[in-house]
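S.K.: One line per chain: the protein sequences are A and B, in this order.
Residue numbers in the first sequence follow the numbering used here, run continuously in steps of one, and reach 215 at the last position.
Residue numbers in the second sequence follow the numbering used here, run continuously in steps of one, and reach 401 at the last position.
No lab work stands behind these hints, which were simulated from the structure alone.
Cβ coordinates follow ideal geometry from the N, Cα and C atoms, glycine included.
Treat each hint with caution, since some may be false.
Unchecked claim - If you only want the chain B side, here are some residues facing chain A, beta carbon under 8 Å, derived: (1) Cys326; (2) Val345; (3) Gln346; (4) Ala352; (5) Asn354; (6) Phe357; (7) Val358; (8) Glu359; (9) Asp361; (10) Thr375; (11) Thr379; (12) Gly382; (13) Phe383; (14) Asn385; (15) Ala386.
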Amino acid sequence: MKYKSGDLSNKHIRVDHELIAEMVSAGSRVLDVGCGDGELLKLLAARKAVDGRGVEIDRDKVNACVAHGLSVIQGDADSDLENYPDQAFDFAILSLTIQATRHPKAVLENLLRIGRRAIVSFPNFGHWQVRTGLLLGGRMPITRNLPDNWYLTPNAHLCTIRDFADLCEVVHADVEQAVAFNASGRRLPIKWSLSTQNLLGEKAVFRLKSDKSKA
Amino acid sequence: MTAAPIEIASPTPHKSSEVHAPSSQVVHFDATAPLHLACQQQLAPFSIAYQTYGTLNDSKSNAILICHALTGDQHVASVNPVTGKPGWWETLVGPGKPVDTARFFVICANILGGCMGSTGPASINPATGQPYGVTFPVITIGDMVEAQVRLIDHLGIDQLFAVIGGSMGGMQVLEWAARYKDRVFAAVPIATAAWHSSQNIAFHEVGRQAVMADPDWAGGNYYAVGKTPRNGLAVARMAAHITYLSEDALQRKFGRSLQDSSELTFSFRADFQVESYLRHQGSTFVERFDANSYLYITRAMDYFDLREGHGNVLANAFTGTKTRFCVVSFTSDWLYPTRESRAIVQALNAVAANVSFVEIDSNKGHDAFLLEEPTFFATIRGFLNAAALKRGFAPSADSTQ
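The shape of chain B in the complex, shown without the other chains (with noise of 0.2 Å):
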């Protein structure tokens, strides 16, 4: 049990399954529709996976995409394939739930560059008939936002009436709003950014670095020889994770306790429960992510800034939207800063969008998006239902609350 610093399971069968062949509805972009991407390279075939919920009403206009963060995917608001735990915002998504999908046709789908379905390094590059590996060409924010535009379209949709998503999911907001005005009626960027802190750089390049280090990463091409870099892709997750909770948190969790002994071992081993759930974590994390998509999509986000290409301004992205904004922030989130949120606000202020801004009172540091949080389930549902209102749908039930 203490020989190694991290002890990895066996690779779980149906990983790859999903990758290639996902459970998920897949929608197929071929050579005669190539997708240009930032880097000026143009990305043919391609394939997005996603999965809805509830029902897209005769008009089209009752559609909410969600947008998942880093490690998220398509199954929002169902059981996951791979781990077989609820959808991941289970408690926010579904009938008579905040964002109701009695009311609402929710659409989620799994990132350009991500690995439950959707074209990304760990996908077959007809071209070779092997693994992209790290040929795939480096995507932006931009990019996955394009990607579910060809979605979206493919669904026949011309307006959602919201893009909801937390942490790089709400870069993916930010983008679809900035990018696309008439098409987001509503937009509920959480706990996120309009450029990518210095920072937060820093982190992703530890665990960047962490999955190149480790032998097993064979130059990214480590499916053509059977491995992957379990032991480096969970120091990143070890690493991120940290990063995603607060040490207040940690320490009403945690503190210093022992993990199976009521005395340290003098040893190596996971003595405090802290490090035994860090371990955990890297290691249940490793079960169901690529290697090479977490490079990717990390780079992606640091590379997001949304001042480009708008004068270093960011209103200048958002002149002229007619889009409603709801910006979700939470006390303790150290990574996504409420300050950070803020500067989005003062953008769209400095536009004289509509404009709410809201932060949540939380302890739990950056996850808190993914938590049952009451005053953040009631924001989500108060603005959607004011929203709607606005959009001319019918009051809900419950629009009173």
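Here chain A stands alone, though its shape is the one from the complex (with noise of 0.2 Å):
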């Protein structure tokens, strides 16, 4: 696997990337929480010079991240967030991964800590083809978007996008931004109402920021 700095002409983008790039500012700092092989890592340092670092689960993603020179440590989301200090980080991002965590909450509380912004994305379970799914077949929805059957897929928590917004104000978080994609990627319009955007998104991502005056 060939990697270039700031050579990504060639990789097909994910949109949730696509938008977090667009939601970091240049020459921040960023964890990217679940990092994988690193693409938004080499995006946002490509694209916004960023000084990133990562946290990934699976060891053989880990070393393919720091054979390519980005600064990556093996952990685990769920145990590894507490050593953080409290806002090491101008951008805490947790893209596709909340819903893989066995306390979403808690995680979703140390990324707002860690963080001076928590940006975190995640497939829709109020989408329209996962409520028919579940409706019409009587069975866990399989979709693109959720392609494991319930045995196999790592996703143990899932949300809906209006479940996602409870969260925040649980948790004691402004929303500063919040947007859904439909199925062919497009964003949907943020004029359309929440429950819209529940129906029709089939992945979202928000930018949040901790609001200590509400605790």
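Please dock the two separately framed chains into a single complex, following the hints provided.
M.R.: Structure below.
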């Protein structure tokens, strides 16, 4: 696998990564929790010249990241975020990972503590295909976004956009920006209601800020 | 062949010449520049023997210090003058290798307390004209690092591009990074720990007792009587060697295979291959290593606890660090298990340091760090290339792999 800094032209960039790259300010310090093979970190380094770090649970993916020059540690979002000091990063990012953690609330609280901003993307379980799959098929829905059988999926805590918005209130997070994408990766109009976004959005990205005044 | 539990060959002639007149470069520090030791004593004069590979650039910014382990030496990438074997990390260090000597100036020094030309218990005490023996002061990992600092100063190097080491070498890396934050751009502690565990102290104590129980140790003054505690040191090495491997590696390599015959001999000969192998490890080790050095260096490792002097909180040792760290552990290493590397990583995270951490999948035990493990090598190469870019060096031909 070859990677050159800045050379992202022939790569398919995930839509949530595209949006996250827009939300992150240039030159900032970024922690990507559940960074996988480091695609987002590479994108942010190339586009926004960030000082990026990653945490990833899969040993092989970590080794590949470090071999490609990324600062990544082998670790677990559920247990290793405790060690980071408050506001150590400008952005703490959790992309398509929160649904696979054991304690999403604790992970999100840590994210809001470690980063001045938190950015979270997740698959929307409220999407119409999921709803109709369960309603008409009577089985756990399998979609392009959620491709695994219930007994194989790494996802432990799936939620809808409304559910996630509720959690944001529970952990006293201000939603600075929330964007949903449809199945073809297009952004849904912001003026649409949350209910409509929750029905038509396949994935969502939230940018959050801890609001201590609500605590 | 079978009367003694361990058969030891006669001493090779050049071991002691490497102690007193090493074939490496040596820097001497005279009485005007004593080394202030942790035990409150001062050591002067003292010498550090070292090897270098590659070329120091004009700005003296491309130097990498490699710190060797307990029984290692400065011959990291050149033929060892005592054993005639290739350098102990020759697969990792050299032109075009992960630690690329075509790019970097690599320094490796025999540690203080060693027996390959740096001042240690086998060296002559100028005050008495006799070897120090057990009158040599007890030294620490920090003292070893302070001696290395003198060498680096002597070479005119302000900041090391990287300090790399495994096992006890990794302890020196951590000590360097904690004491000299501005002088270490990148640090690679491998298969190591920030403090020596109770189990590891216990193993070392077994080794030391084996040495001291040998009558030829002669209270540490065996040099005077022309002897050396061969059997004791060999047993120490045999016990230690087991800890460097893994149960899986031993089982795979030897199982219950017999050495020479197809049947048990109903004696205490080395019936099993694993016995024969350990005896060989013991007897070759005593050919190249000073028994008192073994006592002093194991002691230094036992005393190592980077939390001390930092309120017993490891993170405090790294407060304010700008160094880029790459921490490496191996899955089957039970001497310095991954959780001890993870403790280092957690401390570095607590001060928001720039840290990478990889656990390499290997069944070869602690010794894996000395072996050619492709994932390990790719990690070192990738980390150093990325650090070199950050340091402003031109990318190497292979920096994109």
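S.K.: Hint by hint, note whether the structure agrees.
M.R.: Cross-check of the supplied hints:
At about 7 Å, the closest approach between the beta carbon of Cys326 of chain B and any beta carbon in chain A falls short of 8 Å, and the interface hint on this residue holds. This hint holds: Val345 of chain B has a C-beta 6 Å from the nearest C-beta of chain A, less than the 8 Å allowed. About 4 Å separates the beta-carbon of Gln346 of chain B from the nearest beta-carbon of chain A, less than 8 Å, and the hint is met. Hint status for Ala352 of chain B relative to chain A: holds, with the closest Cβ pair at about 4 Å, below 8 Å.
The restraint placing Asn354 of chain B at the interface with chain A holds, with a minimum CB-CB distance near 5 Å, inside the 8 Å limit. At a threshold of 8 Å, the smallest CB-CB gap from Phe357 of chain B to chain A is about 4 Å, leaving the interface hint in force. Here the hint on Val358 of chain B is kept, as its CB sits about 5 Å from the closest CB of chain A, short of 8 Å. Nearest Cβ of chain A to the Cβ of Glu359 of chain B: about 5 Å, under the 8 Å cut. The hint holds.
Satisfaction of the interface hint for Asp361 of chain B is found here, the shortest Cβ-Cβ separation to chain A being roughly 6 Å, below the 8 Å cut-off. Hint status for Thr375 of chain B relative to chain A: holds, with the closest Cβ pair at about 5 Å, below 8 Å. Because the closest C-beta pair between Thr379 of chain B and chain A is about 5 Å apart, less than 8 Å, the hint holds. Because the closest C-beta pair between Gly382 of chain B and chain A is about 4 Å apart, less than 8 Å, the hint holds.
For Phe383 of chain B, the suggested interface contact is upheld, since its CB lies about 6 Å from the closest CB of chain A, less than 8 Å. With its C-beta approaching chain A no nearer than about 6 Å, Asn385 of chain B sits inside the 8 Å limit, and its interface hint holds. Annotation: Ala386 of chain B was flagged as interfacial toward chain A, and the flag holds, the nearest CB pair being 3 Å apart, inside 8 Å.
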